[in-house]
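Colleague: Top to bottom, those sequences are chains B and C. Anchor point for the first sequence: position 68 equals 81 in our numbering, and the numbering is continuous, going up by one each time. Anchor point for the second sequence: position 153 equals 187 in our numbering, and the numbering is continuous, going up by one each time.
What the hints contain is simulated information worked out from the structure, not anything from laboratory work. The model shown is predicted, which means the values in this text are computed figures rather than measured ones. Cβ coordinates follow ideal geometry from the N, Cα and C atoms, glycine included. Hints are supplied without guarantee of correctness; some may be wrong.
[As the list claims (entries may be wrong)] Not the full set, but computed from the structure, chain B residues with beta-carbon under 10 Å of chain C:
1. K15
2. L57
3. G60
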Amino acid sequence: MKTYVAVELTIDEAGIMHPHRIVWEDGRKFEITSVSDVRRAASLKAGGCGMRYTCRIGRRDAYLYYEDPKWFVDA
Amino acid sequence: MGRRILHADFNSFYASVACFLDPALRPHPVAVAGAPEARHGIILAKNELAKKFGVTTGEAVWQAKKKCPLLVTVKPEFETYQKFSALGRELYGEYSDRVEAFGLDENWIDVSGTTETIEDARRLAETIRRRVLDELGITVSIGVADNKVFSKLGSDIKKPNAVTVVSPDNFKEVAWPLPARDLLYVGRATQKKLARYGIFTIGDLANASAAFLKAQLGKCGLMLHAFANGLDVAPVLHTIDQSPVKSVGNGITTPRDLVNDADVYLTICMLAESVAARLREHGMRARTAQLGVRDTDLSTFVRQARLDRPSNITSEISRACMQLFTAGYTWQTPIRSLTVTAADLVPNADPEQLTLFDDEAARSRAEAAEQAVDDIRRRFGYRAIGRAIFLKDTDIGLLAPKEDHTIHPVGYLQNNTMDSVIGGRA
Chain B
14 MKTYVAVELT
24 IDEAGIMHPH
34 RIVWEDGRKF
44 EITSVSDVRR
54 AASLKAGGCG
64 MRYTCRIGRR
74 DAYLYYEDPK
84 WFVDA
Chain C
35 MGRRILHADF
45 NSFYASVACF
55 LDPALRPHPV
65 AVAGAPEARH
75 GIILAKNELA
85 KKFGVTTGEA
95 VWQAKKKCPL
105 LVTVKPEFET
115 YQKFSALGRE
125 LYGEYSDRVE
135 AFGLDENWID
145 VSGTTETIED
155 ARRLAETIRR
165 RVLDELGITV
175 SIGVADNKVF
185 SKLGSDIKKP
195 NAVTVVSPDN
205 FKEVAWPLPA
215 RDLLYVGRAT
225 QKKLARYGIF
235 TIGDLANASA
245 AFLKAQLGKC
255 GLMLHAFANG
265 LDVAPVLHTI
275 DQSPVKSVGN
285 GITTPRDLVN
295 DADVYLTICM
305 LAESVAARLR
315 EHGMRARTAQ
325 LGVRDTDLST
335 FVRQARLDRP
345 SNITSEISRA
355 CMQLFTAGYT
365 WQTPIRSLTV
375 TAADLVPNAD
385 PEQLTLFDDE
395 AARSRAEAAE
405 QAVDDIRRRF
415 GYRAIGRAIF
425 LKDTDIGLLA
435 PKEDHTIHPV
445 GYLQNNTMDS
455 VIGGRA
């Protein structure tokens, strides 16, 4: 399922985006402790493509996609 | 040393994109089709499942549904296709500065600079094929050859998601047994003509005498003979040499037939408005306006006129088209469809000769007003603002034409002549 989410992020001087938190539709926030990989990728499960951020959330990795200008997760 | 050229072809492009973006569609036979209620309900693309039922591109939706009652049809979304097309070209562009588009879904890529042998090129093609699937989520078939014609042929041999090599070493085994019709520029008429002389396959064509083919088909015969022998030397264009827009056009088959000048004026206004908006989007002005009219007997006439000044203002384009119409049409029959095209484009940035007698202030006010409308529509949608005339006949006036325009294929020979693409084998 393709779920669009709100993302809290910083954009640095070079214009690079660093996502910090995913805000779920019910208001829950998930802290991103690190981003291990950023690449262009397609999500067959969600049906969308864009820049894929591999994010460490708690004890597991999750994919966060930037589909200019929106963000989604394949939950 | 020969060249190494890839031809990458997105498989069932529109349908693949639709199925990728909506996972719920994937288990079903799916076709992308125009809207039947607006009278252009034909199949534009279909997925593999629909293909198995014998659904073909170009047939009417009702015909397709007869063969495949459970066929799911979805509306085309050209903006999305353009986005995927651009992403694909961007990816190919990482491997070559020569990526030449042939329609939205096909590209030639000249990789002679980055590969040493055909085998290298094949490996690169495999990499591209995998990356397209990973990054765009759709499949691509790639043909690898030392010329454009055979690489295109190669991309058609194995589908979907495959790489096929048609090299100087194997083309006699791979290409020659194929029907002549598969070769670029052999259409239905040429195929019939060739069959009369016992030429059925590409091999037959290659082994026929060039003089004989010339006698039957003229220059085109010589060209096809060279194509069949792998002697096409047409270059893959540099990416930067390709002016993406040469003309901007928009046509519509109206929901009801047009029966008088007022109907026509309304439709022309609507089309001209969308053409002008697209000109502004591309940062261009047009020097020529063209009007195409098709009546209910399906006969067509096309007229064009030079505009006094390069323009992207709706009223100037529609006025020119209306003049063409009143001068050229006698209302023998009602009209089924209209096309407005702006051609002979110049960039906005080009200096312009002003005249002493026109009111420049009024022109720039008109341009500013239209830009404001563009902006409002960008923010609030097409129907947020519009011309009052469109409310006179809401069936026609409230169609949003800019979004569902047609995309025309380009010709292979647009930058070459038939003589110039024929080469000899070293």
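Colleague: None of the hints should be skipped; say for each whether it holds.
Modeller: Do the hints match the structure? See the list:
1. K15: 8 Å, holds
2. L57: 6 Å, holds
3. G60: 5 Å, holds
Consistency with the previously given hints is maintained throughout, with no hint failing.
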